[in-house]
Structures are given as structure tokens and as C-alpha cells.
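> The lines below spell out each chain.
There are 2 protein chains.
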Amino acid sequence: MSEVKQKANLAKGASKNLVTLTTRQKNYALNIMADALLKHQNQIISANKQDLQIGKENGLSNSLQDRLAINSARIESMSEGLRQIVNLNDPIGEQLEEINRPNGLLIRKIRVPIGVIGMIYEARPNVTVDAAGLSIKTGNAIVLRGGSSALNSNQKIVKVLREALSTTDVPVEAIQLIDDPNRSSVNEMLKLNGLLDVVIPRGGASLIQNVVQNATVPVIETGSGICHTYIDKYAQPEMAGSIAFNAKVQRPSVCNAMETLLIHENFAKEHFQSFAEKYREADVQIKGNNMAKKMVPWIEDASDEDYATEYNDYILNVKIVNNIKEVLNHIDTYGTKHSECIVTENEENANQFLQEVDATSVYHNASTRFTDGFEFGFGAEIGISTQKLHARGPMGLPALTSTKYIIHGTGQIK
Amino acid sequence: MSEVKQKANLAKGASKNLVTLTTRQKNYALNIMADALLKHQNQIISANKQDLQIGKENGLSNSLQDRLAINSARIESMSEGLRQIVNLNDPIGEQLEEINRPNGLLIRKIRVPIGVIGMIYEARPNVTVDAAGLSIKTGNAIVLRGGSSALNSNQKIVKVLREALSTTDVPVEAIQLIDDPNRSSVNEMLKLNGLLDVVIPRGGASLIQNVVQNATVPVIETGSGICHTYIDKYAQPEMAGSIAFNAKVQRPSVCNAMETLLIHENFAKEHFQSFAEKYREADVQIKGNNMAKKMVPWIEDASDEDYATEYNDYILNVKIVNNIKEVLNHIDTYGTKHSECIVTENEENANQFLQEVDATSVYHNASTRFTDGFEFGFGAEIGISTQKLHARGPMGLPALTSTKYIIHGTGQIK
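Sequences listed follow chains D and Y, in order.
Take 1 as the starting number for the first sequence in the UniProt record's numbering and just add one per residue.
Take 1 as the starting number for the second sequence in the UniProt record's numbering and just add one per residue.
One thing to keep in mind: the hints can contain errors.
The list treats identical chains as interchangeable, and a pair is accepted whether it falls inside one copy or across any two copies.
[To be verified] In silico DSSO-like pairs for lysine-lysine, Cα to Cα no more than 30 Å straight-line:
1. K414 with K233
2. K293 with K269
3. K325 with K39
4. K56 with K5
It is worth saying that the hints were derived from the structure and are not from the lab.
Here the structure is a predicted model, which means the values were calculated and not measured.
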């Protein structure tokens, strides 16, 4: 039996056990895991050094090296993340509906674990800890397949976490890590219907596309974000400037940052020049449509491809538009249904935008940067779903649950 | 552009319009559709006669001919089904959560349409009407791909429904029927990411497996049912007999009928012989394990394959067991996670069964035959989901919705 299949089988076995655990038992294990990370941090950091060394030899970029690096502060933050999960409400067992039928049947809809989660992700080793913690809290077993560049770090982290579990009621086999760094192990996971109940990809567009294209196991797609901000004719200029600047500049590398700014012509005439200057001071490169270029001659041409690009960088498309219809069409054509914002004091335009724009999160007068589990008050997230089924937007603990109908009868027959 | 792609595009266009409709506009259209079916019933029945004629020539079985046949009573029932959908609450716009953040952001989670639903199904033409009605009520456009044996009937029904829509605010293009009877049109639908938001297969195991194996569009799997009833040592004999008989005999052809009866040895010793007699009187063929055969010599051998078969017929497997652990293992091995029942007066055993059996619907002291949208009080169902994500069990209107976060700010930035 292949490594992937063998570990998925062990995870499935563990998941049967996890279903029966109480919140207290799960929280106890999470705290022990948090302690163990701190206690064994030197081992983890030294395994991480190996990964960094290999990364340097293979020419891993500085920013990827930074994402990969683990130090004492990062271990502390992983450990603290587990303790925060302890403090979250346990969704398992929660009753979502209670139906009393005329024939006397009592039907209750209850939250239950999904079963076994497959997680496919890239370089950041903190995902290993977060995903394991969120899974255990929700009574799920997890099969982790991290990026090969973090293999040593992930192996050590998982070893530490599993050793911690061995002293608790949570089965050690609830956490599985795939050691095989070949792509074939990913592709094998994608076809494990009956063993994996869901696969969650987290990473770049090509990783996610591979999963979506090849999985026969259900997928929760976490996606890229080509996010827009629309400054309406009726926007308050100061607010508009502040939101548009924040959405691009505060942290351009993340999925909820803005890539394209749409501005109503009337507003742009008065304010776009000063906005552009402010972006220039922050070293933001601007590309624009003809109307934008007429107003600010130094900006470059924006192509269709630019509008369809998630820069994750200090680059911004600006399109001056004549009406909200144009805005809706643009977002429909180029958006990735992640986070979209309208800045306006006009309620009618706001409502039209909020209703007709199809995205996980639509904002009126606030920066798209807030689309995030912590900012929404969920406490932790396993990713941001950009698909329409099961979960949409930041995924907290309930996104890692399924449901089941429990029917209490007194001998009813049909 | 292929027929499938062209029609999916039209549906996507219509879906943008559907998002903006009020409940009143949708209900008006549903009533007009219901009227139109009655008014044009002769056309529909005569198109159906063509299908039946072709079916006979192609050797379509009597039971399939019966499923395919449309008469005046069946049209009335389709029409009545649409009016029942009118009376259901419209889930669209429903607020599921309201979060007030310390920074003043108001975050609301709202039910929205999924967008465009692809429906792939077999012979029964009433599914055409039900699926169209449920989709419109939930603001979704639908692309229907019915079985080729019902093509003439479906074409006429869809023509009538679309003509009805042309006098309403619901766009005609909200209902699309794929005319191409080749399997390639199904396979094309399965890859239409970006146009179809979900595919729902309804039909036999091979249809569903084809969809699950080949779709890159998210799927809601509606499944087969290998359902079990377990009669515990502590079962009330009369209740146990009545539930076990009903679950098998009342309508064996449906997915929530029982295929395998598990009986605790102690109970079986006293009662299995009389149960077996009752089944024999109802022409139910019984296959059993060794212990069962010892008690009732005339029953046949049950193989592993039998336990894994959805008979949908007057055939029953009986397995005598020694303890509940054996029951849980058997259901885990052979069940399809559809509907499972324990009959017992012992609360502890009941609770263990209800918690540990992994299925859409788990019953204590009631027949599995109740797993059904109408019986659960949902009023109508688009199918019974046997997967863990998005929707599980009978799917009413909320299963055809997605959600969206609407965030109201006053200039918040991060």
C-alpha cells in the first residue's frame, strides 16, 4: 500500500474515535500540543535550518525564505494559536434545527465532524500547526501534504505534535504528514474518495488549479483575490482616498488587497490626480485606461491581461468609468469573487452594488483588507473559500463540520 | 460555440437578473408556470407518447416506461408541486449571522442564490418541472440535461415553461434544456467551471459515478442507499417487527428502503423465525449469515457482495450479530451513509448508535423510509445528498443557496 493510502487509512480509523471525544478531551490535547511546541522548539528550529539551507542552495527567493523561516517568536505564535483554538466554542454537537413532525417524529440537525480532511499547501510551516489544531477541535483527522521546501520543518513539527497526543485521549493517528515530496503523492490524495472526505488546497494559483482540475474528492477551493474598490460619484473624498490607499498599500501581498481601483469620472476629475501622487509617493506603479491616462499622463497603459492579474505587489490598475453598470460588468469579467468594495454616500448605489456584485465579501465604505477570519471575529481560519458551496469567505471552525439528522421515534412507520 | 456552452452562457446571463428579483416576482412566475402546464397538457402528453413509443421499440422495461409516462393526473401533480413551492419561504436574503465588530464594522451573512445549477438526471420528466421550480424560487438559473428516453417530453415541458416565463419578470433564459442526447454533452457540462456553479446528478449509480469521477465543477452527490436496521437485544418485539417490515416492504425500490437487517443474537433466538415467516408471506427473499441460517434453514447464503448491493427489490440480507460493535463495523463497511436505524429501549445503545454511525440520517425507533424532503417538512426536495459538504440528507430550498458577507463600514481601514 502506498504511503498516502496507508496514512489516509490510519486517519480514517482515528476519525471514528475523534467523533466520540468531548470538548474537554480535545481542548486538553490542544494545550498539550501548545506546550510541546515550546518545549521542543530547538529541535524544530534546527530542522527548519536544514530546510533554509537547502532552500538557499536551490535559489529560493528571499521572500519565500522569510515565509519558511521559524524562530522562537514564530513558535510562540504557533503555540499561542493553538491556545486560541482552545478558547473557541466547539461547534460539534451543536443543534442547528429541531423539527417536530405531526406523526411524533423529533428530527434534530446536529453538527458533526467531516471525517478526514486532506490539506495541500505550500511553504509556511505554521499552516501545519493551525490546520492540525483546527481539525482536532472539530473532531476531524487530517492528512497534511506540505510543500517539499518545508519538509524537514513539517516532519519535526508533526513528530512533536503526535508525541504530545500520545499522552492524551486524542489518537496520535489523527495527524498524518505525507513525507513523499513528489507531486504524485498530491495527485494520489486527490482521488482518495472513501478515505478523504474533503481536500483543501492553500497556495498559489497553479496548486489550486491542479487540485480543482484533478480531484474526485470534494474540494473547498481557497482562492486568489483580484479585488476591486469602486469610488462612486457620491463618495466622500477623504474616506475614499483613505480606503483606496489602505486596500492597496497596507499589505499588497495578501489576497484581500486591491488590484484595481474603479473611479467614477466625476469624482476622478476632481481627485484622481492627488490620489495618483499619493500612490507614487508610496512607490505604487499605476496602469490605467485612456480616461485615467488623460488625467494623469505619467501612468502606463492597462491591458486586459493587467485587469486579470493578481499582482500581490505595489502595482495598481485604475479604470475611470461612467456609471455603475460599467463597474458591475468589469468586476464580473475580471473579479475572482473574493472581496469588493464601493465607497459612496448614496444608499441606492450602495445597495445595488452590495446585491449585484457576486463575491464572498462585499463592502460599503470599508477596506477589502478586512476579509479575514480574525477580523470577522472567528478567531482562526483554515483559509478563505472562494467557492459557492459549503463555505464561502473566511472559514472558521463551522466550515470544518458537516451535519447529520438524528431522528427520535416511538415506532413510526410509513 | 457548442450547444451546452451556449446555453450555459445564457443561463449565466439570466442568473444575474434573477438575483435582483423579489419573492413576489418569483412566485408570480411559478404560478404562471403551474397554469401553463395544465393549459398545455395535451401537447405534453402527446410528446410523451412519442417517447413511450420509441421506448417500446427500444425495449424499455415496463417499470421504466411507467416512470416515463405522463398522464393528466401526473401533469396535475407537477403543477401542484409548483404551487407548493410558491408557498415555501423564500430563503434568499435571509440573514444568517450579524456580527458587530469593535471597530464599528457591521458584518451580515446573507443567503444568496448559487448562480447556475446543472442538473443531470434520468427518465422521470417530473424532475424537469421540480428542478426548474426549485431553482427559480431560489433565484438560480438551471441547465437541465435529462435522459434521452424522455427527450420529447422534456422539450415540450421546457417549451411550455419558458413560454410561461416570457410573460413574467423571470427571464426565459433561466431555464435551459440540453437537446443533445449524447453522453458528450454531459461530460461537457461537468467541466464548465465559471459557467456552472454546481452539478447535481440524480439517477443510478453509474450516472452518479461518472459525474463524481469526471466533474471539475463542484458536485452535490445524491446517492444510493444501502440502509440498515439494527434490532438490539433490548428492542420491543412488536415495534421491531413493524419497523423492520415497513423499511423493507412498503416500497423497496427507493433509496431509503432497508437492504440489510442486523439482529442481536438474543433477540433473534426468540423472534427471527416469526419475522422470517412474515417476510416470506410478502414474497421477500432472505439471504443470511451462518447464525441466521441456523435459525431459519430455508434462507440462502449472504455473500460480501450481497451486503454491498442495493437491491431496491424484495430481497433482504439478515445478519445475526453478538454486539453493537459488530453492527457499527458492518454499517461502516457496507453502508452508503444514507439512513440507518436502531430499534432498542436501551438509551445507552441508542446514543452510541446515533453518535457513531456516520450517515445523513440516523433513526432511533422509526423506519428509515422517512428520509425524504416531504417527511422532514421541507415541502420539496431536489434530491438527497449523501456527501458531507454543503448539504447532507434531504435537500430543501436552503441547499440551493450560497451565502455572502455584506460589510457596512464608515471608512474603516486596516
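> Broken hints, numbered, in rising order?
Violated hints (numbers, rising): 3, 4; every other hint is consistent with the structure.
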